[in-house]
Amino acid sequence: MWNLQEYRFATNPAEAVALMRKGPGKGAYIAGGTDMLLEHPSCDFVVDINKAGIGDIARTAGGDLFIGAVATLQDIVDNSFVRGFAGGAVSSAASQCGNRPVRTTGTVGGNLCNALPSADMAPVLLALDATCYITDEDSQESLPLTDFFVGPRLTVLEDRLLVGVALPGECAGWRCASHKLTRTAEDISLVQVAVSLGVDEGRIKEARIALGAVAPVPMRAILAETMLIGQEITAITPDVLGDVAAIAAGECDPLDDHRASAEYRRDMVAVLTRRLVARILADDGDNREGGAA
Amino acid sequence: MNISFDLNGTRADWEVAPGETLLQAFRAAGVFSVKLGCETGDCGSCTVLLDGQPVNSCVVVAARINGCRVTTLEGLLDDDLMIRLQTELVEHGAVQCGYCIPGMLISLYALMKQDPHIDEEAIRHALTGNLCRCTGYVKPVEAAKAVVAALEVSK
Chain A
1 MWNLQEYRFA TNPAEAVALM RKGPGKGAYI AGGTDMLLEH PSCDFVVDIN KAGIGDIART
61 AGGDLFIGAV ATLQDIVDNS FVRGFAGGAV SSAASQCGNR PVRTTGTVGG NLCNALPSAD
121 MAPVLLALDA TCYITDEDSQ ESLPLTDFFV GPRLTVLEDR LLVGVALPGE CAGWRCASHK
181 LTRTAEDISL VQVAVSLGVD EGRIKEARIA LGAVAPVPMR AILAETMLIG QEITAITPDV
241 LGDVAAIAAG ECDPLDDHRA SAEYRRDMVA VLTRRLVARI LADDGDNREG GAA
Chain B
1 MNISFDLNGT RADWEVAPGE TLLQAFRAAG VFSVKLGCET GDCGSCTVLL DGQPVNSCVV
61 VAARINGCRV TTLEGLLDDD LMIRLQTELV EHGAVQCGYC IPGMLISLYA LMKQDPHIDE
121 EAIRHALTGN LCRCTGYVKP VEAAKAVVAA LEVSK
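Heads up: the protein sequence lines correspond to chains A and B, in order. So in the working numbering, spot 19 of the first sequence is number 19, and the numbers just go up one at a time. So in the working numbering, spot 17 of the second sequence is number 17, and the numbers just go up one at a time.
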């Protein structure tokens, strides 16, 4: 059994941070707990944030999509506003996390704060310019998701609390698709790629390519994105697409491990990037599909 | 610590340790339809309903279910949909060693309770989290399709 001395409940974010700092000993935040009960992190107490009022999914007055940190993965799959945002790409990515029972309690915040290089929700959120909202006892901070991950299992949080992520309203009309490459449906991903393109009058105005499980942290392939931005769709020939995919593969920094070799992972970044960009551009533009490649 | 929750329609007051899982609490309390399998959230043999949604009780902390509604197979034995599912699983020869069956029943029940008009893909997606080490994956799907068909007819 997980050797915990105390289980604390927070009713709001500031209280959660205060309970975390109160001691004695080392604490950790807990929401769904689907990772923590596998890993049994060494701590004396946990602070339960399930009832801390940070589980809502909402459309803000400015049209942004706000997803509370303890919104469950199934909440994200089912939410009608998320399903309509950027072709439903975020819901689609959430539906590929774990299995149905895990999605009932597993949260988006837990997925991000656990900070695995293979965090399932990270690529699609990076591809849609997510901003993280972080709370301290008496202050708030927001920063781009790109700056949230510091290293494997390490974020900028320290003992502060992630309260949620927001996707800008202008991304709602982007075409976005992601793919999680795994051996089996439930397994940790070998490679993840998420692509989003903001297309206007036949020209690519915005491009994001985000990669997971191929670097110490989830990352953007900025150089490959730059090759796409400003291009007419008709100029994206198979040759150009091949170059974009090769550049993206060159930007990542994968590891060899028991799941796959670094060489294979790098090859798959190229393959998936090429397929996803091609599929998005072939889409007739009404964004019915946000799903797997 | 003490937790108080609705277990199959009856109020339960249990003493649990802060790091105890819901699965460990069930086994200690003699709720034996909830099977201990992988204890990593992969195999689904410990699946129960938490406020109507399927969860792997091996990766849910018991402490957090205070005030929640928990349903195990024991609480659904008189339920029409559950009886149909059980009957069809038996009729289709889906039950081999039987260890995964309570979890499969709960997953299928949760799926069809929410929406009985589903296709094979939805059934397979819902069963992603239920491993059968007798490797009987076709017959449970056929059994579930038979339940869906019967519900369509009886509409």
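Rather than coming from a laboratory, the hints here were simulated on the basis of the structure. Note that beta-carbon positions come from the ideal geometry of N, C-alpha and C, so glycine has one too. Hints may be right or wrong, so weigh each one.
Claimed, not checked - Covered by chain A, per the in silico footprint, the following chain B stretches (three or more residues, Cβ under 8 Å):
{"id": "1", "segment": "12-22"}
{"id": "2", "segment": "35-44"}
{"id": "3", "segment": "136-150"}
Unchecked claim - Counterexamples of contact, computed for chain B against chain A with all Cβ distances above 12 Å:
{"id": "4", "residue": "Leu81"}
{"id": "5", "residue": "Thr87"}
{"id": "6", "residue": "Gly93"}
{"id": "7", "residue": "His117"}
As the list claims (entries may be wrong) - Simulated DEER-style distance windows between Cβ atoms:
{"id": "8", "chain 1": "B", "residue 1": "His125", "chain 2": "A", "residue 2": "Pro238", "range": "29 to 35 Å"}
{"id": "9", "chain 1": "A", "residue 1": "Val240", "chain 2": "B", "residue 2": "His125", "range": "33 to 39 Å"}
{"id": "10", "chain 1": "B", "residue 1": "Thr40", "chain 2": "A", "residue 2": "Asp257", "range": "14 to 20 Å"}
{"id": "11", "chain 1": "A", "residue 1": "Ala28", "chain 2": "B", "residue 2": "Arg11", "range": "39 to 45 Å"}
{"id": "12", "chain 1": "A", "residue 1": "Ala282", "chain 2": "B", "residue 2": "Asn2", "range": "57 to 63 Å"}
Whether chain A covers the segment 35-44 of chain B (at least 3 residues having a Cβ closer than 8 Å to its Cβ atoms): Three-residue rule met by the segment 35-44 of chain B, so holds; n is 4.
Given as non-interface: glycine 93 (chain B), partner chain A, CB spacing beyond 12 Å: Holds, because the least Cβ-Cβ distance between glycine 93 (chain B) and chain A comes to about 25 Å, which exceeds 12 Å.
Histidine 117 (chain B) and chain A, when compared Cβ to Cβ, separated by more than 12 Å: 17 Å, holds
Alanine 282 (chain A) paired with asparagine 2 (chain B), Cβ distance criterion 57 to 63 Å: 58 Å, holds
Range hint compliance [Cβ, threonine 40 (chain B) to aspartate 257 (chain A), 14 to 20 Å]: 19 Å, holds
33 to 39 Å as the expected CB spacing between histidine 125 (chain B) and valine 240 (chain A), which holds or is violated: 36 Å, holds
Status of the given 29 to 35 Å range, CB of proline 238 (chain A) versus CB of histidine 125 (chain B): Since histidine 125 (chain B) and proline 238 (chain A) have Cβ atoms about 34 Å apart, the given range 29 to 35 Å holds.
Assertion that chain A covers the segment 12-22 of chain B - criterion: three or more residues, beta-carbon distance below 8 Å: holds (count 5)
Minimum Cβ distance from leucine 81 (chain B) to chain A greater than 12 Å, as the annotation requires: Its Cβ never comes within 12 Å of chain A, the nearest being 17 Å, so this holds.
Distance restraint evaluation - alanine 28 (chain A), arginine 11 (chain B), Cβ atoms, bounds 39 to 45 Å: 31 Å, violated
Coverage of the segment 136-150 of chain B by chain A, judged on three or more residues with CB within 8 Å: It is violated: at least three residues are needed, and the segment 136-150 of chain B offers just 0 whose Cβ sits closer than 8 Å to chain A.
Check on threonine 87 (chain B) being off the interface with chain A, judged by Cβ distance over 12 Å: At about 23 Å from chain A, threonine 87 (chain B) clears the 12 Å cut-off, so the statement holds.
The structure does not agree with the numbered hints 3 and 11 stated previously, though it agrees with the rest.
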